[in-house]
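Chemist: The chain contents come next:
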Amino acid sequence: MNGNAWTVTDANGIAHQLGCAVKTFGGPEITVDGNTYKVKSSNFLVNVVDYSVDFPGVNCHIVMVGKKARLVVNGVYDDDKTPYEPVASIPAWVWVMVVFSIIGGWLICGLLCGVIGIAMSTVYITAALQRNTKKIIGAFVIYLVIFAGFFALGFWLGASGALG
Amino acid sequence: MDSNFDNQEQNQNWQEADRSRSEQGWQDPNQGWQNQNWQNQGANPYYGEYNGGYGNNGYNNNNGQPNGGYPNGNVYPNGGYPNPNMPNQGYAPNGGYNSYTPNGYSGPIVVSNAVPAKTGGPAVGSLVCGIISIICFWSIVTIIAAVVGLVLGIVNIAQDQPNKGLAVAGIVTNCLAILLTIAFIFFLAAL
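Heads up: the protein sequence lines correspond to chains P and L, in order.
Everything in the first sequence is counted per our numbering, starting at 2 for the first residue and increasing by one.
Everything in the second sequence is counted per our numbering, starting at 13 for the first residue and increasing by one.
Calculated directly from the structure, the hints in this document are not laboratory data.
Glycine residues also receive a C-beta, built at the ideal position from the N, C-alpha and C atoms.
Mixed in with the good hints there might be a few duds.
[Said to hold, decoys possible] Computed cross-link-like contacts, DSS-like style, restricted to lysine-lysine with a CA-CA straight-line distance of at most 30 Å: (1) P:LYS82 - P:LYS39; (2) P:LYS135 - P:LYS82; (3) L:LYS176 - P:LYS82; (4) L:LYS176 - P:LYS24; (5) L:LYS176 - P:LYS41.
[What the hints assert, rightly or not] Quick list of simulated restraints, FRET-style, between CB atoms: (6) L:LEU203 - P:LYS24: 49 to 59 Å; (7) P:THR37 - L:PHE199: 53 to 63 Å; (8) L:PRO174 - P:VAL116: 28 to 38 Å; (9) L:ASP172 - P:SER90: 19 to 29 Å.
[Claimed, not checked] Stretch by stretch, here's where chain L covers chain P in the computed footprint (C-beta under 8 Å, at least three residues): (10) 38-47; (11) 90-100; (12) 125-139.
Isolated chain P (complex conformation) (with noise of 0.2 Å):
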């Protein structure tokens, strides 16, 4: 089990706890003073989580890719500062990107290349939250040459025959 885990402090001076996790068998989860929220993923193929956590004058978002997560104060990203871009937002052609690459990537040239599809969504995602489209064609493109040499790879040896 991975965990993250922050302290919020609201208009009142109130400090909160608020952490999340993603159990192995259990699907994510989020914790706000103790108490444990189970939460549902927005894909069904990666962990996309976006959920808004409101305190007294505060708004929180725990935003999670994978298993990597990150707190959003008043609209701002606390680690490192930058503007909070809602999962909502991601554009619709990330999404068939990310389906491709993983239910694509396994049909056709088996499974480690649709692991290697999960591995690639994480980075669509997450440069798609940060708007860097650059970043995502580019992830693209590495995954398409993975996906050619695996699908001439998977051709050459059934031309072959060593596959019998």
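Keeping the supplied structure of chain P fixed, place chain L upon it in accordance with the hints.
Modeler: Same frame as chain P, now just chain L:
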């Protein structure tokens, strides 16, 4: 994409859980020493709804004794009023009966999903099926994927979900994949 998740229901559950937690907050060990030690003692004027507090001038209605508003008749230090030397006695800093909750919060904590339930998942699925079907057009099995993609694209448009452009692209690519596969079958038959 998961479009079945019911945000409203989830929010209601959490709000109810939060409300319940607030009601039970008197026994919550996380709330600090003040609620454990001063529980039901009337030491806090904001507990007025429980013990009369300021509202009955510190007299208990049951026995009429000036006990500082303690319903059990016991006399507690400080006359039933908050001790200024004891920090954070569990009431909101801005005071007032209405703003107090047992947890010390001045308002409810709301946890909600920031991702809308309808995200146009079928359109994404349709386009992916179309792309996969085109890449693997020589395989007859991909006709199944193309048909599934076609259905997903039509469903997306019929249900008026977002990403109509993707749905149209999915329908086009799936139709193209079906045509390519049929052409390939005829090509193989002609050889």
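Chemist: Find the hints from earlier in the document that the structure breaks and name them by number, from lowest to highest.
Modeler: Numbers 3, 4 and 12 - these are the hints that the structure violates, sorted from lowest upward.
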